[in-house]
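Residue numbers (this note's numbering), protein chains in the order written: chain A, 259 to 371; chain B, -5 to 109.
Bear in mind the hints are in silico, worked out from the structure with no lab data behind them. For clarity, every value in this text was computed on a predicted model and none was experimentally measured. Beta carbons are placed, not taken as given, at the ideal position from N, Cα and C, and that holds for glycine. Check before you lean on any hint, since a few could be wrong.
Restraint-style ranges between C-beta atoms, simulated for each label pair [as the list claims (entries may be wrong)]:
no. : chain 1 : residue 1 : chain 2 : residue 2 : range
1   : B       : Gly10     : A       : Lys313    : 46 to 56 Å
2   : B       : Ser67     : A       : Gly299    : 23 to 33 Å
3   : B       : His4      : A       : Glu314    : 13 to 23 Å
4   : B       : Pro48     : A       : Arg300    : 22 to 32 Å
5   : B       : Gly22     : A       : Glu273    : 32 to 42 Å
The chain contents come next:
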Amino acid sequence: SQKIEQNSEALNIQEGKTATLTCNYTNYSPAYLQWYRQDPGRGPVFLLLIRENEKEKRKERLKVTFDTTLKQSLFHITASQPADSATYLCALVSSGGYQKVTFGIGTKLQVIP
Amino acid sequence: DAGVIQSPRHEVTEMGQEVTLRCKPISGHNSLFWYRQTMMRGLELLIYFNNNVPIDDSGMPEDRFSAKMPNASFSTLKIQPSEPRDSAVYFCASSFMGGSNYGYTFGSGTRLTVV
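If we strip away everything but chain B, and leave its shape as in the complex, we get (with noise of 0.2 Å):
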């Protein structure tokens, strides 16, 4: 397996434009986790999946963003519009049966930079 894979690896965006980041979990996992990380806050949970549906997204900011999970094999995470703020590096994980024995596996994450 290669892995949770994301994409773009890196993304620059100007205030105001909608940036919508990718993640292929790894097969056979159920449980997908999107989170933020910051050098001041370090990694912030957004929303988690379970089997697609989502089950905690009390970490989601505010109205500007948006998860989905269409199936089990891709899930995408949207900032509409983005702010400066926005910027960090937004990572994906997954993990079977919510990862507290087994841990979690992260992609390599999207470094967004909102200018």
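So that you can see chain A by itself, here it is in the shape it has in the complex (with noise of 0.2 Å):
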């Protein structure tokens, strides 16, 4: 069955330094990987969308990379700060049909100051 697999603990980083966050992915074939972001009591904000024939995609700090290969996302948050404390969520498209969004359970980041 399909399955999108993101850190489920939480991930601790010192203000400044690189954050990385994982997703994995088995039996699906994406069009596009989403990221976004969730901070508590609000829905999730959408950031950054990679394609399949993309292997890197940048916005301000942000980074992401796709890997079709090994099945995989890594989503790069540079000179973190405590504002960047939230949970992120990454997103899968299907390539077929009407293109269905489906979600990690998601990552909690803290920035520690």
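Both chains are sitting in their own frames, so use the hints and assemble them into the complex.
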């Protein structure tokens, strides 16, 4: 069956360091992969999208990689700040039909001042 | 635009009662999604509407759940009768053209507690 795996345990990192979050998937052939940020009591907020034929995408301090051979995406936040503390969700967009978006359970990031 | 608007923010109800959740999508978005989020299962798609027509309702748990979208600016998710296992945060999201390229815009959610 299709499965999306994100680190279920929280990731604690020192301010100023690079945070790296992992998203692995099995039994999927996604057309796209998206990353969202979710703060407590709020809905997820779209951050970045990367297509299957793209290796890397950047947006300000964010960088996403997508390896379809390893079936893995890495999400990096450089020069992390306490304001980056949140839960980050990866989402796979299927290549067929209406391009259904399926979410991972998310990884909680805590940036320590 | 005020974003996706959901009401109520919180709902506490007794088992067996009917619950109606409401959503106003972003104007101009033609796709609307209802998701349910729990700690154990994360975000689960319940139903997807495109141009007000239900396209995928395979995630609707059972007949107790129903959803409608009578026009482009309003959708409801109804649970009747409600059960304690329905307790979760319910999100509505909208997008243009299915959201694959641009992501979804989520509302702030309705936290439902069934006692």
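To see whether the hints hold, each was checked on the structure:
Range check, Gly10 of chain B to Lys313 of chain A: about 53 Å between beta-carbon atoms, so the 46 to 56 Å window is met. Between Ser67 of chain B and Gly299 of chain A the CB atoms are about 25 Å apart, so this pair conforms to the stated range of 23 to 33 Å. The hinted range of 13 to 23 Å is not satisfied by His4 of chain B and Glu314 of chain A, whose Cβ atoms lie roughly 41 Å apart. The hinted range of 22 to 32 Å is satisfied by Pro48 of chain B and Arg300 of chain A, whose Cβ atoms lie roughly 27 Å apart.
For the hinted restraint 32 to 42 Å between Gly22 of chain B and Glu273 of chain A, the CB-CB distance of approximately 39 Å keeps it satisfied.
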